[in-house]
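So you can see what is in the structure, the chains are spelled out below.
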Amino acid sequence: MLDIKAVREDFPILKQQVNGKPLVYFDNAATAQKPKVVEEAIKTYYDTINANIHRGVHTLSQLATDAYEESRRKVQHHLHAKEDREIIFTPGTTFGINLVASGFGALLQPGDEVIISALEHHSNIVPWQFACERSGATLKVIPMNQKGELMMDAYAALLSPNTKVVAVSHISNALGTINPIKEMIAMAHAVGAAVLIDGAQATPHIKPDVQDLDCDFYVFSGHKVCGPTGTGVLYGKEAWLNKLPPYQGGGEMIKTVTFEKTTYACLPHKFEAGTPNIAGGIVLGYALDYLNKLGFDAIQAYEHELLTYGTQRLLEIEGLRIVGTAAHKTSVISFNIEGLHPYDVGVIVDKLGVAVRTGHHCTQPIMDFFGIPGTIRASFSFYNTKEEIDILVEAVRKAQQMLS
Amino acid sequence: MTIREAQEEIMDEFSMFEDWMQRYEYIIELGKSLPIIDDKYKVEENLIKGCQSQVWLHAENIDGKVVFTANSDAILTKGIIAILIRVFSNHKPVDIVEADLSFIDDIGLKEHLSPTRANGLVSMIKQIRMYALAFQAQ
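These protein sequence lines map, in sequence, to chains W and G.
So in this note's numbering, spot 134 of the first sequence is number 818, and the numbers just go up one at a time.
So in this note's numbering, spot 4 of the second sequence is number 41, and the numbers just go up one at a time.
Hints were generated in silico from the structure; no laboratory data involved.
The structure presented is a predicted model; accordingly, all values stated were derived computationally and were not measured.
Cβ coordinates follow ideal geometry from the N, Cα and C atoms, glycine included.
Take the hints with a grain of salt, since some may be wrong.
Below 25 Å or equal to it, Euclidean Cα-Cα: the simulated PhoX-like pairs (lysine-lysine) are [as the list claims (entries may be wrong)]:
| id | chain 1 | residue 1 | chain 2 | residue 2 |
| --- | --- | --- | --- | --- |
| 1 | W | Lys1082 | W | Lys1070 |
| 2 | G | Lys163 | G | Lys102 |
| 3 | G | Lys102 | W | Lys1035 |
| 4 | W | Lys1082 | W | Lys705 |
| 5 | W | Lys891 | W | Lys866 |
| 6 | W | Lys1082 | G | Lys69 |
Coverage of chain G stretches by chain W, computed from C-beta distances (three or more under 8 Å per stretch; other residues unrestricted) [to be verified]:
| id | stretch |
| --- | --- |
| 7 | 56 to 66 |
| 8 | 108 to 121 |
The task is simple: from the sequences and hints, build the whole structure.
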């Protein structure tokens, strides 16, 4: 059980007023707030060991290198990866997907197929379009039903020996759907395809076990798991990471350089060109420590409570329709109110101190599927409360009254 | 009424409101009263497309003056474009291009109602000026 009052004390930003009202922050799917330990760790890094890593022989450089590599091991343990060299630090999810898709762009051939799903965020669509354009491969899309669940029969029908890559989100950012990825990975492996899982929306709520899932790649962003922005992780099975060509050249990624020929460094450095976000990478480890200390079982149980309560309370509002009603959902509620534009509602509830996301959430194909311009999305985190949901409900009612 | 006078009139109206709620309610009212764009002009080339809401803006040159009509799928955005039309419509292209727009800061539109990205107030004004410039060049 989480002690929410104590947890909230860890997040100074939540004590603020916005537009003269106490802040209710329900845009967690976009980015999470940072606990004091994370803020302090950033300061401590710059106050004590700031130096460039991996090359310096001086003490600070060695301390910074140790801290950075220690963080890599924390991520390894968090994801239950076999080796720490399977953990590549990136600036975020989008970068990780682009790295993998770009690599496959060089490996794929005409006749090959890449499968993504109807639930993907633009970041897991566009890089694969690039890869297909570059290689002549074909992009296929797993359709979804009206609840926002992927249609597994259709997925099975799309899979063939031509399928080389399947790239799907663990959890949908716009609808909150939790995809049956373990089953999907096994099905893809049965036809010999590699699988990338976009874990951006899952990692704040679920502790993924990459060995149990048996995915080939798993990507996530640090800022959504209470870490700094501009941080992220690409997990890849060693064999696959060795097979993919480097993404960027320079710095730590080389072994030897002559003007005729360059050889590449071993993993993970092959994919970490240039000076990385050292402080960010180190502090990401602190953020994961913080979440692990709270415990993902407790986080999930509490967030499920918020989802159930929020769903029930919001549905009390006349004309409110929830978009995305999958049987397995995380704490995201996307909704629309009959006759009102999401933008108008978002602006008014903001004035009442409530931060929600409105728009298409960078998932235009999902919005096109439901024939809507966008939704109002309230996404809850473990530091939110039922009282805050009550404030949201009142704010939405007020907006409805003003706009109708 | 000149562009300056129209701005002053709007500033006067907004100065009467005590809080943001009243301002918003007024903007919503303005949005509802906006003469809706003729459906034949509700086309891609007249669309200012954004992340949040969409605005259709059409301009015609009638006897040397630019006449604007517009619509939006969001009512607050519609209210804002209604205000802009009230200021800019029915004026000579040169006056629109050279107009000083101090009223936007004055009524707090930028502070409170500047939508994100491409469909923001700034893009709407830019588009209005582009039309005026085009007519000026003719």
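Now for the hints, and whether the structure bears them out:
With a CA separation close to 19 Å, the supplied pair Lys1082 (chain W) and Lys1070 (chain W) stays within the 25 Å bound. Restraint check: the Cα-Cα separation between Lys163 (chain G) and Lys102 (chain G) comes to about 18 Å, which is no more than 25 Å; the hinted pair holds. At most 25 Å may separate the alpha-carbon atoms for a hinted pair to count; Lys102 (chain G) and Lys1035 (chain W) exceed this at roughly 38 Å. Note on Lys1082 (chain W) and Lys705 (chain W): the hinted pairing holds, with a Cα-Cα distance of about 14 Å set against a maximum of 25 Å.
Annotation: proposed proximity of Lys891 (chain W) to Lys866 (chain W) holds, straight-line Cα distance about 14 Å (limit 25 Å). With a C-alpha separation of about 18 Å, the suggested pairing of Lys1082 (chain W) with Lys69 (chain G) holds against the 25 Å cut-off. With 5 residues having a Cβ less than 8 Å from any Cβ of chain W, the stretch 56 to 66 of chain G passes the three-residue criterion, so the hint holds. Proximity of the stretch 108 to 121 of chain G to chain W, defined as three or more residues with a beta carbon under 8 Å from a beta carbon of that chain, is established by the 5 residues found.
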